[in-house]
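Protein chains in written order, with the working numbering: chain E, 13 to 132; chain Z, 6 to 107; chain C, 516 to 858; chain U, 1319 to 1487.
By construction, these hints were calculated from the structure, which means they are not laboratory data. Source: prediction; values computed, not measured. All residues carry an ideal CB built from backbone N, CA and C; glycine is no exception. Any given hint could be a false lead.
[Said to hold, decoys possible] For lysine-lysine, the following DSS-like pairs were computed, each having C-alpha atoms within a straight-line distance of at most 30 Å:
| hint | chain 1 | residue 1 | chain 2 | residue 2 |
| --- | --- | --- | --- | --- |
| 1 | C | Lys607 | U | Lys1346 |
| 2 | U | Lys1346 | Z | Lys104 |
| 3 | C | Lys604 | C | Lys593 |
| 4 | C | Lys607 | C | Lys593 |
| 5 | C | Lys564 | C | Lys607 |
| 6 | U | Lys1484 | Z | Lys104 |
| 7 | C | Lys597 | C | Lys607 |
| 8 | U | Lys1346 | Z | Lys101 |
| 9 | Z | Lys101 | U | Lys1484 |
| 10 | C | Lys604 | U | Lys1484 |
| 11 | C | Lys564 | C | Lys593 |
[As the list claims (entries may be wrong)] Which residues of chain U face chain C? A few of them, derived with a C-beta cut under 10 Å, are:
| hint | residue |
| --- | --- |
| 12 | Ala1375 |
| 13 | Met1376 |
| 14 | Gln1378 |
| 15 | Ala1385 |
| 16 | Val1388 |
| 17 | Phe1392 |
| 18 | Pro1462 |
| 19 | Leu1465 |
| 20 | Ile1467 |
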Amino acid sequence: MALDPWLAIIIWGVLIIFLTGPLLTLPIFWSRRRPDPFRDMPFESGQVPQGEARTRLVMQYYPYLLMFVVFDVVGMFLFAWGISFNAIPLSESIYVVLFVVLLGAPLGYALHLALHRENW
Amino acid sequence: MVALVNYIIVSAALLGIGVYGLTVKRNAIRILFAIEIIVNAANLNFAAFTRYMNPAQVTGQVIVFYSIAAAAMEAAVGLALILVAFRLNSTIDVRKLDKLKG
Amino acid sequence: MVALPTTPADILPFVIAIVTSHAFITIVFFPGFIHLMLITMFLTWYERKILARIQLRIGPLYAGGPGGILQPIADGVKLIFKEVMVPYKADKPLFLGIPLALVFLAALPFAVIPFGQNWVIANLDVGIVFVFAVTSLFPAMILLFAWASNSKYPFLGGLRSLFQQVAYEIPMWIATLSVVMLAGSLNLVDIVNAQAKLWFIIPAFLSCVVFFISIMAELERLPFDLPEAEPELVAGWYTESSGAIFMLLFLGLYMKLYLMSSLVTALFLGGWWGPAFLPQPVWFIIKTIFVATLIIIPRGVYPRIRVDMLIRIGWSRLLIIALVNLFVTIFLLSTGILASWGL
Amino acid sequence: MSLVPPDLIFVILAAVTIIGSILALQAKELIYGAVALAISFIGVAGFFVFLDAPYLAMLQIAIYVGAIVVLILFTVMLVRRGSLDEMTDRAEGGEGTVGLWLAGLLAIGIAGVAALAGPNLPTDTQPASLPVSSLGPVLVTQYPVPLIILALLLSSALLGALILAKVDK
């Protein structure tokens, strides 16, 4: 007598929410709040924070993010092929090998670009 | 039980929301959101129709596979375009990006 | 599943049937919630003890039990009664919501980790992809938390964490692909069953190495702990967290440590298989704790590397090694060398 | 059989998806919009599970929520400063009404046609119980050419996005 796996996952998820939720909601409820501009100040090595906190973005690594989106898709396609590797004739798997090899070129170019900081 | 009609209605609602965003919004990133919502509506329809009309085949799922991959690439290129537009014009308001207007 | 009660007299048998059912026991007790919490708390104590031993210290001692093993409980009680502080101008809904989401996401994949032939919450057909799909949400969570903190150190740490996790996710997937090809299934129970005669660490050794390095980076462990590098970024992306928020973040991180260790066990170290004098779940937990030890030890030993080097290693070295190993696996499978082990 | 009726889950999923996508477009902060979009994507993934396509659901979460939303968040943080805060995302004059009419007509039209055809559409078929492994052979043996075209698409998209994002000197 086994539950449907997805139903079990839903029950498990609901259980986690109900059992770990109180760990945050109860302290919010019972903790004594004393608003104090100095205590609530963001940490900046003991100094008064200067300027906007959310500005400095590392554009330098943007190509890696683009590579991630592309290779995420590649990874999912390879998984779909990989599970049934034994069921697929080897001659057909050539296409997948070609698929991977074709993506080698942009990977090389992206790594080449990412090496040079002045590009970003 | 859930019928195919229910999926079509949800998908139509998503399409309507997407079209609304596409026509009304001025922020380029929001327009990208709207496009993604429309793509999702289409994917939902593909998966629903293949499940109800042709349950023994995975053809519809394969189409969704390719569709998701294409949508991911579209988002990557679209966001890069938005980034370039922001760098050149320091705005991503599509009503103000009108340098090509004659 | 038992029928729903119709008369009041049926309620008690119904409750008993539910509570003694295998599904209830797996969800609540053994691979489920109580076991998960106990092991996670144990791991926090265990890591402090190991690091203390490496550095010739003693570690937690006074909280009671042998070697101060009750320390996590003391910590938990302390943190839960502290004030919940939200930094000035922080994004309150995200700042409070992300820690809960982090724990949720770290605990959810345990539903598909098989601790024994029957000791699994959900015997899911897409098991390993489910784990990867859920864990791929972590970078977004950490980026959002860092952004919500409205402070410079968390934001820098969050960005580092994002790029690091993103760089090592793909090598991790490709390394797992070899195992999936060997087992011919995405279901973790099937994958472990396929290792009854030969653990996958032998035919897929390179995969195992790549996977192990990748999870070290995913877990932000030394030598890859740049997102929380103490000398540079105070405490990285959780600098602004305190009290209950800090506790939840740590709970999530140690659950993730346990999750990744158990993945190594299930994918490469033969899962629950072992000499029969110990029950299956015990073997699984022993192996997992062993892997966790291997992950913890470098923290006391190694320095850390530079951030651009780190990201480049992920993309240019590990990804290439993983792809090479993919071709090795294709070769092994197509020549039938492994046929005598039933692969 | 199960304790939770599937219809309830369907309604919850539909509510999550639709409210998520509305919030994605209407939330004031763009960051909240991205989070709402992610929740809407997860709702669609739930529909895929419902439609006996669990692998698609995992694909949806891993690619949309794991990759695209991260990219969107990063870009939002990059372009956020200055321009977005002052920018009104409200429609001017008649645009909002026109858009609302257009979207409403489209959605209600499709839904109405589907509802009219409702009795003729299949309501419930036996679960196909296609194994996950049935996807791979179809993908590789029946559609090898699209696979190669996809590889070219991925390559060109990566190259194009890289060259776009590069700073011209």
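Results for each hint:
This hinted pair checks out: Lys607 (chain C) and Lys1346 (chain U) have alpha carbons roughly 15 Å apart, not beyond 30 Å. Between the alpha carbons of Lys1346 (chain U) and Lys104 (chain Z) the distance comes to roughly 28 Å, so the proposed pair stays at or under 30 Å and holds. The straight-line distance between the Cα atoms of Lys604 (chain C) and Lys593 (chain C) is roughly 26 Å, inside the 30 Å bound, and the hint therefore holds. About 23 Å separates the Cα atoms of Lys607 (chain C) and Lys593 (chain C), which keeps this hinted pair within 30 Å; it holds.
For a cut-off of 30 Å, the pair hint linking Lys564 (chain C) to Lys607 (chain C) is broken: about 35 Å separates their Cα positions. Annotation: proposed proximity of Lys1484 (chain U) to Lys104 (chain Z) holds, straight-line Cα distance about 21 Å (limit 30 Å). A C-alpha spacing of about 18 Å is found between Lys597 (chain C) and Lys607 (chain C), which places the hinted pair at or below 30 Å, so the restraint holds. With a C-alpha separation of about 20 Å, the suggested pairing of Lys1346 (chain U) with Lys101 (chain Z) holds against the 30 Å cut-off.
At most 30 Å may separate the alpha-carbon atoms for a hinted pair to count; Lys101 (chain Z) and Lys1484 (chain U) meet this at roughly 23 Å. Of the supplied pair hints, the one linking Lys604 (chain C) and Lys1484 (chain U) is violated, its CA atoms being roughly 34 Å apart against a limit of 30 Å. Annotation: proposed proximity of Lys564 (chain C) to Lys593 (chain C) holds, straight-line Cα distance about 20 Å (limit 30 Å). Checking Ala1375 (chain U) against chain C: minimum C-beta separation of about 8 Å stays under 10 Å; hint holds.
About 4 Å separates the beta-carbon of Met1376 (chain U) from the nearest beta-carbon of chain C, less than 10 Å, and the hint is met. The criterion of a C-beta within 10 Å of any C-beta in chain C is met by Gln1378 (chain U), whose closest approach is roughly 8 Å, and the hint holds. Taken as an interface hint, Ala1385 (chain U) checks out: its beta carbon lies about 7 Å from the nearest beta carbon of chain C, inside 10 Å. With a least beta-carbon distance of about 5 Å to chain C, the hint placing Val1388 (chain U) at the interface is held under the 10 Å criterion.
The interface hint given for Phe1392 (chain U) is met, as the beta carbon of that residue sits about 7 Å from the closest beta carbon of chain C, less than 10 Å. At its closest, the beta carbon of Pro1462 (chain U) sits 17 Å from a beta carbon of chain C; the interface hint therefore is violated under the 10 Å criterion. The closest approach between the C-beta of Leu1465 (chain U) and any C-beta of chain C is roughly 16 Å, which is over the 10 Å cut-off, so the hint fails. Restraint check, Ile1467 (chain U) versus chain C: the minimum CB separation of about 21 Å is more than 10 Å; hint violated.
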